[in-house]
Amino acid sequence: NAGVTQTPKFRVLKTGQSMTLLCAQDMNHEYMYWYRQDPGMGLRLIHYSVGEGTTAKGEVPDGYNVSRLKKQNFLLGLESAAPSQTSVYFCASSYGGNNEKLFFGSGTQLSVL
Amino acid sequence: DQQVKQNSPSLSVQEGRISILNCDYTNSMFDYFLWYKKYPAEGPTFLISISSIKDKNEDGRFTVFLNKSAKHLSLHIVPSQPGDSAVYFCAASTIQGAQKLVFGQGTRLTINP
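So the protein lines, in turn, are chains A and B. First residue of the first sequence? That's 1 in my numbering, and the numbers climb one at a time after it. First residue of the second sequence? That's 1 in my numbering, and the numbers climb one at a time after it.
Just so you know, these hints were derived from the structure itself, not from any lab. Among the hints, erroneous ones may be present.
Unchecked claim - The following label-pair restraints were derived from C-beta to C-beta distances: (1) A:Glu52 to B:Asn7: 39 to 49 angstroms; (2) A:Glu79 to B:Asp55: 43 to 53 angstroms; (3) A:Gln17 to B:Ala70: 46 to 56 angstroms; (4) A:Glu52 to B:Ala41: 27 to 37 angstroms; (5) B:Ile53 to A:Glu79: 23 to 33 angstroms.
As the list claims (entries may be wrong) - Reference listing, derived: stretches of chain B covered by chain A, where coverage requires no fewer than 3 residues with Cβ under 8 angstroms from a Cβ of chain A: (6) 67–77; (7) 100–111.
Unchecked claim - Short derived list, chain A residues pointing at chain B, Cβ under 7 angstroms: (8) Gly40; (9) Leu45; (10) Pro83; (11) Tyr95; (12) Lys101; (13) Phe104; (14) Ser106.
Ideal placement from N, C-alpha and C gives every residue a C-beta, glycine not left out.
Please put together the full structure from these sequences, using the hints given.
So, in structure tokens, the structure goes:
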């Protein structure tokens with residue numbers, strides 16, 4: 001009963017490097033989200049998807065790209081990492097978008113040096 | 001521009017007593033509010049929610065109160081238990097943007113034996 005799984009759990013990048021964070025859910029949820037958590041800022045929405053093949057911008061989308069090629073997967077890409085992207089990243093999913101509760105993964109700690 | 005604010009970064013309560021966590025919001029269009037609980041190295045988990053048509057919602061030891069005129073909600077935990085020690089996030093959404101939850105900064109609750 002995995003729920004929402006994020007890989008990797010930890011990553012250190014150098015400025016300018018690229019990487020992709022993978023999120024997988026096994027609950028057949030339509031909606032998926034990427035959040036970042038920074039000290040004193042709470043969780044902020046980066047991008048979200050309301051279904052396979054769709055993506056939309058959240059509150060802080062700059063510097064990130066996403067793809068939802070399969071319903072169960074939501075990928076977050078950093079094309080050219082910057083120190084400001086050092087954060088903890090959380091993926092979440094929900095059955096619908098109408099105030100359905102979110103199910104979160106355990107997070108990815110990313111450091112950009 | 002923090003639309004959802006939790007002004008207390010931390011709170012310490014004795015086991016068995018009541019814990020009260022507060023949250024203020026500025027956007028009068030918010031009509032649905034949630035509380036999430038987060039343990040270290042884990043993702044947030046849904047705790048309790050309330051719609052703006054209600055002023056109180058109860059689930060076991062947890063009660064959420066909503067004061068729309070003051071744009072304030074609170075989470076009461078009675079009695080507090082050591083396992084309640086965690087970071088608590090309040091979140092809010094609008095009907096139009098139900099998938100775009102806005103989170104507060106979080107309050108770290110510590111329950112002392």
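So, going through the hints one by one against the coordinates:
1. Restraint check, glutamate 52 of chain A to asparagine 7 of chain B: a C-beta distance of roughly 40 angstroms satisfies the suggested window 39 to 49 angstroms.
2. Roughly 47 angstroms separates the CB atoms of glutamate 79 of chain A and aspartate 55 of chain B, a value that falls within the hinted 43 to 53 angstroms.
3. Between glutamine 17 of chain A and alanine 70 of chain B, the C-beta spacing of about 47 angstroms keeps the proposed range 46 to 56 angstroms intact.
4. One distance hint, 27 to 37 angstroms for the beta-carbon pair glutamate 52 of chain A and alanine 41 of chain B, holds here, with the actual separation near 30 angstroms.
5. For isoleucine 53 of chain B paired with glutamate 79 of chain A, a C-beta distance near 44 angstroms fails the hint of 23 to 33 angstroms.
6. Evaluation of the coverage hint for the region 67–77 of chain B: breached, as 0 residues show C-beta separations to chain A shorter than 8 angstroms, against a requirement of three.
7. Only residues whose C-beta sits within less than 8 angstroms of a C-beta in chain A count toward coverage, and the region 100–111 of chain B has 7 of them, enough to reach three; the restraint holds.
8. At a threshold of 7 angstroms, the smallest CB-CB gap from glycine 40 of chain A to chain B is about 6 angstroms, leaving the interface hint in force.
9. Interface restraint check: leucine 45 of chain A against chain B, minimum CB-CB distance 6 angstroms, threshold 7 angstroms, status holds.
10. Taking 7 angstroms as the C-beta contact cut-off toward chain B, the hint placing proline 83 of chain A at the interface is violated, the least distance being around 21 angstroms.
11. A distance limit of 7 angstroms between C-beta atoms decides the matter here; for tyrosine 95 of chain A the minimum to chain B is near 11 angstroms, and the interface restraint is violated.
12. A distance limit of 7 angstroms between C-beta atoms decides the matter here; for lysine 101 of chain A the minimum to chain B is near 4 angstroms, and the interface restraint holds.
13. Interface restraint check for phenylalanine 104 of chain A: the shortest CB-CB distance to chain B comes to about 3 angstroms, inside 7 angstroms, so the restraint holds.
14. With its C-beta approaching chain B no nearer than about 5 angstroms, serine 106 of chain A sits inside the 7 angstroms limit, and its interface hint holds.
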